[in-house]
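As a plain string of letters, each chain reads:
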Amino acid sequence: YFGPKLQERLKEALHAKVEGTCTGRFGYVITVTEIVSMGKGRIEENIGDVVFDVRYKAIVFKPFTGEVLDAEVVSVSEIGFSCTVGPLNVFVPHQRLGDFSFDADAAPQCWTSPDSRHVIKVDSEVRIKIQAVNEHANDIFCIGTISEDFLGVI
Amino acid sequence: MASGEGSSAAMRAFGADFAEADCLMLAEVATVLKQQADAHEEALRAGTTSEGLKDTFLKTLEYAQRFNHITEMQSIMDTRTMLEQAGLEPVQLAAMANLMPRSVAEARSLIPSLTERACSDDVLEGLINRLQELQRM
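Protein chains in written order, with UniProt numbering: chain S, 1 to 154; chain A, 1 to 137.
Don't take every hint at face value.
[As the list claims (entries may be wrong)] Here are the simulated SDA-like pairs of lysine to any residue, each with C-alpha atoms no more than 20 Å apart in a straight line: (1) A:Lys54 - A:Ala43; (2) A:Lys34 - A:Glu84; (3) A:Lys59 - A:Gln35; (4) S:Lys17 - A:Gln36; (5) S:Lys57 - S:Thr23; (6) A:Lys59 - S:Glu125; (7) S:Lys17 - A:Leu53; (8) A:Lys59 - S:Arg42; (9) A:Lys54 - S:Asp139; (10) A:Lys59 - S:Ser75; (11) A:Lys59 - S:Lys5; (12) A:Lys59 - S:Val68; (13) S:Lys11 - S:Val54; (14) S:Lys11 - S:Phe64; (15) S:Lys11 - A:His69; (16) S:Lys11 - S:Ala58; (17) S:Lys121 - A:Lys54; (18) A:Lys59 - S:Ala58; (19) S:Lys5 - S:Gly20; (20) S:Lys11 - A:Ala46; (21) S:Lys5 - S:Arg42; (22) S:Lys11 - A:Ala43; (23) S:Lys5 - A:Leu44.
[To be verified] Some residues of chain S that are not near chain A, with every Cβ distance over 12 Å (derived): (24) Val50; (25) His94; (26) Cys110; (27) Ala137.
Quick caveat, the hints were computed from the structure, so don't treat them as lab data.
All residues carry an ideal CB built from backbone N, CA and C; glycine is no exception.
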């Protein structure tokens with residue numbers, strides 16, 4: 001591990017450790033884009049492991065309240081619909097669907113606008129606004145709305 | 001999506017960690033992730049790695065490709081240059097490119113920080129029209 005391929009091993013270890021993680025502080029770490037510096041490494045007493053301080057740049061995704069995002073619908077029910085923005089899950093409750101109404105008899109089930117011109121079903125694309133951001137240990141969960149101007153089915 | 005350098009008062013709303021971060025447009029995210037996915041494909045073929053790509057990465061790549069509006073490399077660069085020169089903050093810049101508002105009213109509704117003081121009606125309308133053109137290229 002400590003031979004000529006040390007740098008490569010460090011890069012792999014870094015990618016494996018941080019990519020795909022999610023914290024309240026930085027949001028989702030999508031990918032490492034650049035390693036700025038790698039320290040010299042110091043040996044941990046009693047264990048023999050070597051610790052390196054690595055400074056790097058990454059693309060992260062951190063949603064904020066009030067942000068407008070396009071999303072992909074993944075499930076629909078009478079209490080609202082769930083959608084995703086990349087790795088992020090957003091739930092839009094029925095109270096935030098304006099004048100859309102639930103059609104339980106449709107196949108597949110969906111939410112429809114009063115004039116029936118707009119339909120929200122699985123795989124629909126919708127423009128939502130984030131109303132609440134809940135940060136958990138390894139995940140972020142948001143509540144959204146479509147009941148404002150310029151939001152809704154795309 | 002935030003990364004790298006630059007500084008902006010708007011970014012401080014994300015917390016001190018993001019004070020120097022920049023905001024990427026979906027077009028840029030799609031480009032970077034696609035390059036990395038292709039390089040990973042090469043590495044798999046060459047046998048230099050056997051790890052798969054993470055779920056978060058794949059979901060983001062799929063999302064960025066699905067919702068991106070600007071596909072040509074030159075158009076992507078022109079979009080960033082144009083929006084930066086108009087004096088937009090990083091968050092506003094990314095929002096304009098990602099959401100592609102079709103009117104001044106829509107832009108101001110979707111991006112509340114984009115007030116008349118930040119960007120006049122005339123300038124904003126010009127940006128909106130040019131964005132529509134860049135999207136079609």
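Hints versus structure:
1. A:Lys54 - A:Ala43: holds (15 Å)
2. A:Lys34 - A:Glu84: Since the Cα atoms of Lys34 of chain A and Glu84 of chain A sit roughly 24 Å apart, the hinted pair is violated (cutoff 20 Å).
3. A:Lys59 - A:Gln35: At roughly 15 Å apart (the allowed maximum being 20 Å), Gln35 of chain A and Lys59 of chain A satisfy the hint.
4. S:Lys17 - A:Gln36: holds (17 Å)
5. S:Lys57 - S:Thr23: holds (16 Å)
6. A:Lys59 - S:Glu125: Cα-Cα ~15 Å, so holds.
7. S:Lys17 - A:Leu53: Holds, at roughly 13 Å.
8. A:Lys59 - S:Arg42: Between Lys59 of chain A and Arg42 of chain S the Cα gap is close to 36 Å, so the pair fails against 20 Å, i.e. violated.
9. A:Lys54 - S:Asp139: holds (15 Å)
10. A:Lys59 - S:Ser75: holds (16 Å)
11. A:Lys59 - S:Lys5: violated (31 Å)
12. A:Lys59 - S:Val68: holds (19 Å)
13. S:Lys11 - S:Val54: This hinted pair holds, its Cα atoms lying about 9 Å apart.
14. S:Lys11 - S:Phe64: violated (30 Å)
15. S:Lys11 - A:His69: It is violated: about 33 Å lies between the C-alpha atoms, which goes past 20 Å.
16. S:Lys11 - S:Ala58: Roughly 13 Å between the alpha carbons, so the hint for Lys11 of chain S and Ala58 of chain S holds.
17. S:Lys121 - A:Lys54: Given that 20 Å is the threshold and the Cα spacing comes to 27 Å, the pair is violated.
18. A:Lys59 - S:Ala58: holds (16 Å)
19. S:Lys5 - S:Gly20: Measuring from Cα to Cα gives roughly 24 Å; hence the hint is violated.
20. S:Lys11 - A:Ala46: holds (18 Å)
21. S:Lys5 - S:Arg42: Between Lys5 of chain S and Arg42 of chain S the Cα gap is close to 18 Å, so the pair holds against 20 Å.
22. S:Lys11 - A:Ala43: Cα-Cα ~14 Å, so holds.
23. S:Lys5 - A:Leu44: holds (18 Å)
24. Val50: holds (22 Å)
25. His94: holds (23 Å)
26. Cys110: holds (20 Å)
27. Ala137: holds (15 Å)
Of the numbered hints stated above, those contradicted by the structure are hints 2, 8, 11, 14, 15, 17 and 19, listed in ascending order.
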